[in-house]
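Position chain B against the provided structure of chain A, taking the given hints into account.
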Amino acid sequence: MSQAVDDAALVEKFPWVQITHDSKHHFRGWLEKKLLISRCDDCNHFHHPPKPVCPSCWSESLTPTEVSGDGTVHLAMHLHQGAPAPGVDYAKGPHPVVAVDLDGTDGTRFSSTVVDLPVEEVVIGLPVELVWIERYGSPFPVFRKKAGA
Amino acid sequence: MRDEIAIVGVGSTDFTRDAGGTSAAKLGAQACINAIRDAGIDKNEIDGVVGALEPGAPRANQMAAILGLKDITHHSSPMPVAVFALVDAMTAIFSGQCDTVLVYYAFTRAPWNSRSAAKDPFRSYLGGMMGGGLKAPPMPESIDPSAAYTAWAARYIHDYDVPREDFGRVALNMRANAARNPKAAMKAPLTMEAYLEARMIRDPLCMLDMDVPVDGADAFILTTTEKAKKMTPNPVVVHAATAGMVGNNDEDQLPSLARHGQHIVVEALKERSDVWIDDIDVFFPYDGFSIITLGWIENCGFAKPGQAGKFMQEHWDDDLGCVMIDGRVPMNPHGGSLSEGASRGTGHLREAVMQLRGDAGERQVHDAKTALIGCGGFFFNSQGAILKRL
Chain A
6 MSQAVDDAAL VEKFPWVQIT HDSKHHFRGW LEKKLLISRC DDCNHFHHPP
56 KPVCPSCWSE SLTPTEVSGD GTVHLAMHLH QGAPAPGVDY AKGPHPVVAV
106 DLDGTDGTRF SSTVVDLPVE EVVIGLPVEL VWIERYGSPF PVFRKKAGA
Chain B
2 MRDEIAIVGV GSTDFTRDAG GTSAAKLGAQ ACINAIRDAG IDKNEIDGVV
52 GALEPGAPRA NQMAAILGLK DITHHSSPMP VAVFALVDAM TAIFSGQCDT
102 VLVYYAFTRA PWNSRSAAKD PFRSYLGGMM GGGLKAPPMP ESIDPSAAYT
152 AWAARYIHDY DVPREDFGRV ALNMRANAAR NPKAAMKAPL TMEAYLEARM
202 IRDPLCMLDM DVPVDGADAF ILTTTEKAKK MTPNPVVVHA ATAGMVGNND
252 EDQLPSLARH GQHIVVEALK ERSDVWIDDI DVFFPYDGFS IITLGWIENC
302 GFAKPGQAGK FMQEHWDDDL GCVMIDGRVP MNPHGGSLSE GASRGTGHLR
352 EAVMQLRGDA GERQVHDAKT ALIGCGGFFF NSQGAILKRL
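Line by line, the protein sequences are chains A and B. Take the first sequence: its position 129, counting from 1, is numbered 134 in this note's numbering, and each next residue is one higher. Take the second sequence: its position 228, counting from 1, is numbered 229 in this note's numbering, and each next residue is one higher.
With the rest of the complex left out, here is chain A (with noise of 0.2 Å):
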């Protein structure tokens, strides 16, 4: 885990969310280009956005645990107008949004685009595998059709 980059350093790095000492390793995991899912020490049990304590048990030992990312789209749509971002042109047709559900995490689900597809084949059901863009000069996890799928 990167302790160089401060608290502060590290919410002035990703302006568009609302990070907190619960969210801040999961956050802290993109810099490095880790998608880390929180893990229950006691009971086993992921659970996603990362909350204070295990939903299941109530445990406070917590591990972001880095996940493959590999997993198959759960929900789809596809955005003809929406919030702004760098890289996200609504002129240039529909932007893709996904719930992914993440192999071997017990159905836990993670949200973001898929890019290097036409839109119109990013649909539910469809295997996808985890790659990192960037915005606003900071790693961002993005998927992909998984290869070979």
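Hints may contain errors.
[To be verified] Here are the in silico distance ranges between beta carbons for each label pair: (1) D108/A to D160/B: 15 to 23 Å; (2) W277/B to P89/A: 43 to 51 Å; (3) T225/B to T25/A: 38 to 46 Å.
No lab work stands behind these hints, which were simulated from the structure alone. Note that this is a predicted model, so its numbers are computed, not measured. For glycine and all other residues, C-beta sits at the position ideal for the given N, C-alpha and C.
This is chain B only, laid out in the frame that chain A set:
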């Protein structure tokens, strides 16, 4: 609390796409004054104030100051949508915190969902309320409470293999009904062809699947049924009311469409009520997004999962251009949030009271005695109420 609390006053403004230089506070005050006059009470009799926490709307303490109310022993500003405030007022009266409660909801179009509102300098501060003061806009990939309905609509279409026309029927029903409601913002006739060609916002939901931002306000006076009987010949009682939510309600983490807030609401209402869907005269499924209406139709038990569109088709009245369940029970006769305007359920509540009082004009359901309101959506704001004419 069954039948113990009554609604004895209703007041509203019109719902418009642009009330011009009018503040949410003024709209709210107008609705409150209308409701107090409708109840026929003196303002000094009000000892409770409950105002929904809408962007730009005055909080309960501010409304008490605006209206120059006297001594208040209960006040709160609950979250939208409509039934949170209703239940708060009911429990405050039932527990003896106060006797007579003013409940109000005031809406103002925000700069982020209305071009004309964005031009109003006095609304610019509302922009800062979106995203909680973040330094950059929230990311488009956020499946927030609003976008989540589109994401789950896509899942609904995927799971049940239904056409967009099923969603279109929701929009058509509301528009045909709004034409009979002088307060409604959107009255122009709507066809299925026009629905299918409407501008996509978040595919698979288009502009006509999403409620219409409006300026407007509704207010209600609640008191004990015992007092209500002495005040008015036609009190409307709250037979049952509840909120409902599952624990795992983060919008993108909800396990499935098979169990969410609406299911909890339906179970709670059935448990607390003498009546259910075969007994009702008017049905009010919330329609902030069309998918929510499909959910209420199915989860209340009118249709099996995935069959709400088919149900509407089977119960469609071609002459009226809207749903008439068993030829008798209309669905959101006021036009709902999709066409009357985005009141987050207060329009549904108000129309239920008007119908049960026999004051619904050309929309009046003959001898309406019982109304079922399914309010809110799937995540944190599912609610329901059954209202009865005493």
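Legend entry - Outcome of range test on Cβ distance (D108/A, D160/B; 15 to 23 Å): holds, 21 Å
Inset, instruction - For the range 43 to 51 Å, tell me whether the beta carbons of W277/B and P89/A fit it or not. - result: For P89/A against W277/B, whose Cβ atoms are near 47 Å apart, the range 43 to 51 Å holds.
Legend entry - Supplied distance hint 38 to 46 Å, evaluated on CB atoms of T225/B and T25/A: holds, 44 Å
The structure agrees with every numbered hint stated previously.
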